[in-house]
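J.: Note that the protein sequences, when read in sequence, are chains A and B.
Residue numbers for the first sequence follow the working numbering, so the first one is 1 and each next one is one higher.
Residue numbers for the second sequence follow the working numbering, so the first one is 1001 and each next one is one higher.
Rather than coming from a laboratory, the hints here were simulated on the basis of the structure.
If you're wondering where the values come from, they're calculated on a predicted model, not measured in any experiment.
Do not take every clue at face value.
Claimed, not checked - Calculated lysine to any residue pairs in the SDA-like style (CA-CA distance at most 25 Å, straight line):
no.	chain 1	residue 1	chain 2	residue 2
1	B	K1320	A	R38
2	B	K1213	A	D44
3	B	K1115	A	G21
4	B	K1164	A	K46
5	A	K46	B	L1221
6	B	K1313	B	K1213
As the list claims (entries may be wrong) - Partner residues are not named here, just some residues of chain A that face chain B (Cβ under 8 Å, in silico):
no.	residue
7	N9
8	A11
9	F19
10	M33
11	A66
In this text, a Cβ means the ideal position worked out from N, Cα and C, and glycines have one as well.
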Amino acid sequence: MGLEAIDWNYAISTLLIRFVGIFVVLGILQLVMQITGRIFAYLDAKKDTRPSKSLTQEEVAAVAMALYLDKKTD
Amino acid sequence: MNWDMFIDLLLDILHTQTGLFSLHYKLVVMWGIGLFFIYLAVAKKYEPLLLLPIGFGIFIVNFPLTPLMGFDAHGKRELFNIFYHYGIEWEVIPCLIFLGLGAMTDFGPLIANPKTLVIGAGAQLGVFVTFIGVLLCGFTLKEAASVGIIGGADGPTTIYLTAKLAPHLLGPNALAAYSYMAMVPLIQPPIMRLLTSKKERKIIMKQLRPVSKLEKTFFPLIVTGLIALLIPAVTPLIGMFMLGNFMRESGVVDRLAGSAQGSLMNIVTIFLGISVGATMQAEKFLTAKPLLIFSFGLIDFAICTMGGILTVKIMNLFLKEKMNPLIGSAGVSAVPMAARVSQMVGQQEDPNNFLLMHAIGPNLAGVIGSASAAGMFIAMFG
Chain A
1 MGLEAIDWNY
11 AISTLLIRFV
21 GIFVVLGILQ
31 LVMQITGRIF
41 AYLDAKKDTR
51 PSKSLTQEEV
61 AAVAMALYLD
71 KKTD
Chain B
1001 MNWDMFIDLL
1011 LDILHTQTGL
1021 FSLHYKLVVM
1031 WGIGLFFIYL
1041 AVAKKYEPLL
1051 LLPIGFGIFI
1061 VNFPLTPLMG
1071 FDAHGKRELF
1081 NIFYHYGIEW
1091 EVIPCLIFLG
1101 LGAMTDFGPL
1111 IANPKTLVIG
1121 AGAQLGVFVT
1131 FIGVLLCGFT
1141 LKEAASVGII
1151 GGADGPTTIY
1161 LTAKLAPHLL
1171 GPNALAAYSY
1181 MAMVPLIQPP
1191 IMRLLTSKKE
1201 RKIIMKQLRP
1211 VSKLEKTFFP
1221 LIVTGLIALL
1231 IPAVTPLIGM
1241 FMLGNFMRES
1251 GVVDRLAGSA
1261 QGSLMNIVTI
1271 FLGISVGATM
1281 QAEKFLTAKP
1291 LLIFSFGLID
1301 FAICTMGGIL
1311 TVKIMNLFLK
1321 EKMNPLIGSA
1331 GVSAVPMAAR
1341 VSQMVGQQED
1351 PNNFLLMHAI
1361 GPNLAGVIGS
1371 ASAAGMFIAM
1381 FG
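All chains, full assembly: derive it from the sequences and hints.
T.: Set out below in structure tokens:
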């Protein structure tokens, strides 16, 4: 194909549109990822703040004793 | 049988059943090219997984009368022609490679910092600039598109697009893409230093947030849905990429994910290398076009690197927390080599600056970006 056979107006303008198109596509993906990221972060935070299974008095005492003994032997 | 008859018979055998009398200097040149790529793979360890079978493919198909890339007397395809036809022409191999790559990839750094997706788009600048340059050199629109995509630094995407638009350029395009990908540590650092100041290279980025398993599992579904909707032409590539990643992140099909990134990937890599190498026969390859393709491929890589860095610099004008522009060069894809180069150049300036994980984000965005660019070209000319 010779250079004169190429419709340069078409080639350049469609190329420009498509280059911008990549920004648009990845920009939309970025936006969606940011929104879903916030949703997941919110869900994770909610999960973390749920009260964990509380320890009994005996278990707390056992852990405290173990820590105390561990310190004493150092 | 007399002596003359014996000599005639012997000569006839040598002429028709051996390659001795069909040797040509062009074939010898191609052996040299094949052996050069074998040398790069074996001695220099440049992309050996691909350059070794490609180099061997080039070497072996350029012996006369070898029944490898043509058709036999009954019109049946010969061995490498079968690999090429079903693997490349049917577009099976690039998609299977993407499946394996997806199963290998952890998108965590990209999910943690989605802003880096834009860098992957900016790093496609060279693809479009090269397209124009190649057109000016007399290539057709389809050929120009297939050469332009080399700068995306993504082998399977280059092969996929070239097989669709300009299959006769498959050998030089694939070879240029893989050669320059191997040379990223040589090509990129001077450009990175030229376009950034000392102060910019020292920017320390905030540590990435942890990404939950659930978020990683949803990511491939989101990308697939969006890309299929916006650029359907590239769904075979991105779809397989995301299927591989979904298998990995879902955690319920470890065997399948393991096969996709292990044995399957290795098998298709062998067929891919051989098929690409086998397309480079002397009469097709020794023309001016491959030389131009190699020259434009290098320019393409350089402009893509600049595009990524400049995109970060432009983004920094609007961002409160500045990004280190060195991660922009990783937007050319070439996973994970380009990200390692960002880390290396950053550490030369400040040994306590760890950019690797930050650069993986644009690196992965580059894969999606170059596949998107390929999709745009297929939609234009496919």
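J.: Look at each hint and say if it fits the structure.
T.: Status of the hints after comparison with the structure:
1. For the hint linking K1320 (chain B) to R38 (chain A), the alpha-carbon distance of about 19 Å falls within 25 Å, and the restraint holds.
2. About 11 Å separates the Cα atoms of K1213 (chain B) and D44 (chain A), which keeps this hinted pair within 25 Å; it holds.
3. At roughly 17 Å between alpha-carbon atoms, K1115 (chain B) and G21 (chain A) fall within 25 Å of each other, so this suggested pair holds.
4. With a C-alpha separation of about 49 Å, the suggested pairing of K1164 (chain B) with K46 (chain A) is violated against the 25 Å cut-off.
5. About 24 Å separates the Cα atoms of K46 (chain A) and L1221 (chain B), which keeps this hinted pair within 25 Å; it holds.
6. Restraint check for K1313 (chain B) and K1213 (chain B): not satisfied, since their Cα atoms lie roughly 32 Å apart, outside the 25 Å limit.
7. Look at N9 (chain A): its Cβ only gets to about 13 Å from chain B, farther than 8 Å, so that hint breaks.
8. At a threshold of 8 Å, the smallest CB-CB gap from A11 (chain A) to chain B is about 7 Å, leaving the interface hint in force.
9. Interface restraint check: F19 (chain A) against chain B, minimum CB-CB distance 5 Å, threshold 8 Å, status holds.
10. The closest approach between the C-beta of M33 (chain A) and any C-beta of chain B is roughly 4 Å, which is under the 8 Å cut-off, so the hint is satisfied.
11. Using the Cβ-Cβ criterion of 8 Å, the hint placing A66 (chain A) at the interface with chain B is not satisfied: the shortest such distance is roughly 30 Å.
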